[in-house]
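2 protein chains.
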Amino acid sequence: MKILILGMDGYIGWSLALRQLRLGNEVCGVDNFSRRKAVEEMGSWSAVPILPMQKRLEILKKEHGGKVSFHEGDLVDQKFTDDVIKTFKPDTIVHLAEQPSAPYSMIDQNHAVYTQSNNVVGTLNVLYSQKNHVPRAHLIKLGTMGEYGYGNDIDITEGFMEIEFRGKKTVIPYPRMAGSWYHWSKVHDSNNIMFACKLWNLTSTDIMQGIVYGTRIREMEDEPKMTRFDFDEVFGTVINRYCSQAVIGHPLTVYGQGGQTRGFLALEDSIQCITILINNPPDPGEYRVVNQFDEQYRVSELADRVKRIGDKKGLGVEIKRVENPRLEKEEHYYKADHEHLKKLGFKPTRHIDDEINIMLDDLAVFKERIQAKKDSIIKIVRWNDGLKQSMASPAVSYKT
Amino acid sequence: MKILILGMDGYIGWSLALRQLRLGNEVCGVDNFSRRKAVEEMGSWSAVPILPMQKRLEILKKEHGGKVSFHEGDLVDQKFTDDVIKTFKPDTIVHLAEQPSAPYSMIDQNHAVYTQSNNVVGTLNVLYSQKNHVPRAHLIKLGTMGEYGYGNDIDITEGFMEIEFRGKKTVIPYPRMAGSWYHWSKVHDSNNIMFACKLWNLTSTDIMQGIVYGTRIREMEDEPKMTRFDFDEVFGTVINRYCSQAVIGHPLTVYGQGGQTRGFLALEDSIQCITILINNPPDPGEYRVVNQFDEQYRVSELADRVKRIGDKKGLGVEIKRVENPRLEKEEHYYKADHEHLKKLGFKPTRHIDDEINIMLDDLAVFKERIQAKKDSIIKIVRWNDGLKQSMASPAVSYKT
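Sequence lines, in order, name chains A and B. For the first sequence, position 18 matches number 18 in our numbering, and the numbering has no gaps at all. For the second sequence, position 349 matches number 1349 in our numbering, and the numbering has no gaps at all.
Hints were generated in silico from the structure; no laboratory data involved. If you're wondering where the values come from, they're calculated on a predicted model, not measured in any experiment. Check before you lean on any hint, since a few could be wrong.
Each computed SDA-like pair below joins lysine to any residue, with the alpha-carbon atoms no more than 25 Å apart [stated by the list, open to error]:
#1 1379(B) x 199(A)
#2 1089(B) x 384(A)
#3 89(A) x 1384(B)
#4 307(A) x 319(A)
DEER-style ranges, computed between Cβ atoms [to be verified]:
#5 1327(B) x 1(A): 29 to 35 Å
#6 320(A) x 1279(B): 20 to 26 Å
#7 1382(B) x 280(A): 52 to 58 Å
#8 1259(B) x 79(A): 38 to 44 Å
#9 110(A) x 1327(B): 34 to 40 Å
#10 160(A) x 1308(B): 39 to 45 Å
#11 1342(B) x 280(A): 47 to 53 Å
#12 1063(B) x 286(A): 56 to 62 Å
#13 285(A) x 1086(B): 45 to 51 Å
#14 1323(B) x 218(A): 52 to 58 Å
#15 1330(B) x 162(A): 22 to 28 Å
#16 1378(B) x 77(A): 33 to 39 Å
#17 1279(B) x 198(A): 46 to 52 Å
#18 1330(B) x 136(A): 24 to 30 Å
Where a beta carbon is used, it is the ideal one built from N, C-alpha and C, also for glycine.
Please model the entire structure based on the sequences and the hints provided.
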């Protein structure tokens, strides 16, 4: 199968490329390296050192020969996107190539506009190229559980729900109540993709993914094959950040009460899920939504787990509650369906405690790299007034 | 009161400026003249000749002196938008300055991307400037009833609805199921505005407006004060197009079965509604949605009305069913609440038949102008494959 991975240089993109190549698929990757640039803009870097793409490709080509290719470019560049899709003619497009950070989108006006414009325009361009050149391909788009929001009083369904209103039954899209400009950009994308499927009979799976954690998947036995790992406040996600903090003796920073409940998933299982989706496309013309996570946890409970496991390793982990920079409920009802992937065969393979254990060991090796960019751990973006220090424009321009 | 009218050169913007000045308010207008350029791009012009803005302003200044001002510029230009709002410090911002045509957004990829990027970025810039300089101002944003879509099996509420799901009650945003890239751009805006109100405690009214028709409001006694009137397939709305077709002896072009039901509103009553909203802002920090229309009609019924009234004037009106270029149901359930404005005092003042009567007389004066651009009446954009003739980029660039 021919798989186009948009955002192949990223945390999930690189992991997915390794997996798909091992499975014998042909992989074409695309990236504009915006993640590397934006993390640098935040004064940080990946805890795990990653090679430049050219070197990464050399490693892959040694093993997989002509089955891997790569194009540097930006999806907001219509001609670039169109040329790649027209030439490669993928069976599956996995679209991971978006500005992926909520705090980054809340830094200031420039970052908000960049995030929405970049994500919406990039996805529109992919949809048009899919329609024009590979109308029977399967578009797998990475969204987030955050599209639904976390203040709902009712259960969260998978994309759609049946309701009765004024005596009549109907099916509606599950209401989206996102909590940042970034999360809303994903909602805008979801709406555009749903419309494109209806308009042009395209086929798509929209993944509402939980928060991914972990340093590795099984294909990463050698260090040069490892994927990036962000620990800064802006691009690091919560478990990854806690583990990095634990390793350098920094208190784990829990926002407010810590009752924020989210769905989580190990990197290994995220890659398993995406692989299942690649192998099980929906019916032609269907817009399918899946909720992709394993277990739900409160963030304070995650800090407790990292502390317990870290303390066993002699790390002497402290937990510190800090003022919550976000606009979110710190205690709330949360119950989200996640049956679609299970029905397709998803079986979680990683237990969170085992994974935290591995992460702490992996990160211990790169302790000095985390220490060197320690300031980026507390570079807090406040939802109501952005980042206090003055910021230039985003590292990557949204001009086309 | 100080009222900023974004899009003051447009059909509603110009009318609203005349009304607010007559009521003694101070008006500052903004426009980038994109509507004039885009209608020209479609090979058409306003049936009613309109003066350049400088001349329009001279007329207003003669009557209202320093109470009116104007700035030419584009809302996607962050500095421009910020300067205008910082300097004028409006009490109310009426935001009408968007790409307003569904068919225009469906022409091709460039026009789709332009529409979404222009509308979303312009509105984001307005929200940031409001927050930074006039956080207690009231933002009135023009959306459309089309955001809800027309294929719903259930009644349409005003923005939000209470539902019971799995035994629990909650209030959710009414699901949006738009039918063009343009309509989705308005949904994206609505979502962003709802979030901004929550995030920064801003105050906003989001108008889900029906389709507006009519050539004039009472302030337009002299021709130079009349507002633009589009009759081409892309920018002309349905009643306005039918009346223009009737005047030049062109058959009224009804799409498919003509059972498409929509809410409608005379221009005079649209201006009445916006004035009511200006004078009755919601509570500080509230995001209010109003459904702004008078009556619901099927489009075939509208064609019959125009024929009946036109025939009395000896126009010999024909009706022709044409293949529907849009992706929409031609027969469907439609029942939309519209109580909020009535509760605030809205009383429709125009009957549709009287208004059609006036329109046909007004347009008879400009018959030759319509005749001269007759080709633009059948410049049909098909939803599934755009405009057949090759198109350049949009008349107005979306680059910033």
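Going through the hints against the structure:
Straight-line distance between C-alpha atoms of residue 1379(B) and residue 199(A) comes to about 20 Å, which keeps the hinted pair within the 25 Å bound. Straight-line distance between C-alpha atoms of residue 1089(B) and residue 384(A) comes to about 21 Å, which keeps the hinted pair within the 25 Å bound. Proximity of residue 89(A) to residue 1384(B) is assessed by CA-CA distance (about 21 Å); at most 25 Å being required, the pair is judged to hold. For the proposed pair residue 307(A) and residue 319(A), the alpha carbon gap of about 8 Å is at most 25 Å, so the pair holds.
The hinted range of 29 to 35 Å is satisfied by residue 1327(B) and residue 1(A), whose Cβ atoms lie roughly 31 Å apart. Remark: the range hint 20 to 26 Å for residue 320(A) to residue 1279(B) is contradicted by a beta-carbon distance near 51 Å. Distance hint for residue 1382(B) and residue 280(A): a CB-CB separation of about 33 Å, inconsistent with the stated range 52 to 58 Å. Distance hint check: the CB atoms of residue 1259(B) and residue 79(A) are about 42 Å apart, consistent with the given range 38 to 44 Å.
With their beta carbons about 36 Å apart, residue 110(A) and residue 1327(B) fall inside the hinted range of 34 to 40 Å. Range check, residue 160(A) to residue 1308(B): Cβ separation about 44 Å, and the 39 to 45 Å hint holds. With their beta carbons about 51 Å apart, residue 1342(B) and residue 280(A) fall inside the hinted range of 47 to 53 Å. For the pair residue 1063(B) and residue 286(A), the beta carbons lie near 59 Å from each other, so the given range of 56 to 62 Å is met.
For the pair residue 285(A) and residue 1086(B), the supplied restraint of 45 to 51 Å holds, since their beta-carbon distance comes to about 49 Å. Hint check: residue 1323(B) to residue 218(A), Cβ distance near 56 Å, so the stated range 52 to 58 Å holds. In this structure the supplied range 22 to 28 Å holds for residue 1330(B) paired with residue 162(A), their Cβ-Cβ distance being about 26 Å. Range check, residue 1378(B) to residue 77(A): Cβ separation about 35 Å, and the 33 to 39 Å hint holds.
Distance hint for residue 1279(B) and residue 198(A): a CB-CB separation of about 40 Å, inconsistent with the stated range 46 to 52 Å. Distance hint check for residue 1330(B) and residue 136(A): the Cβ-Cβ separation is about 28 Å, which falls inside the suggested range of 24 to 30 Å.
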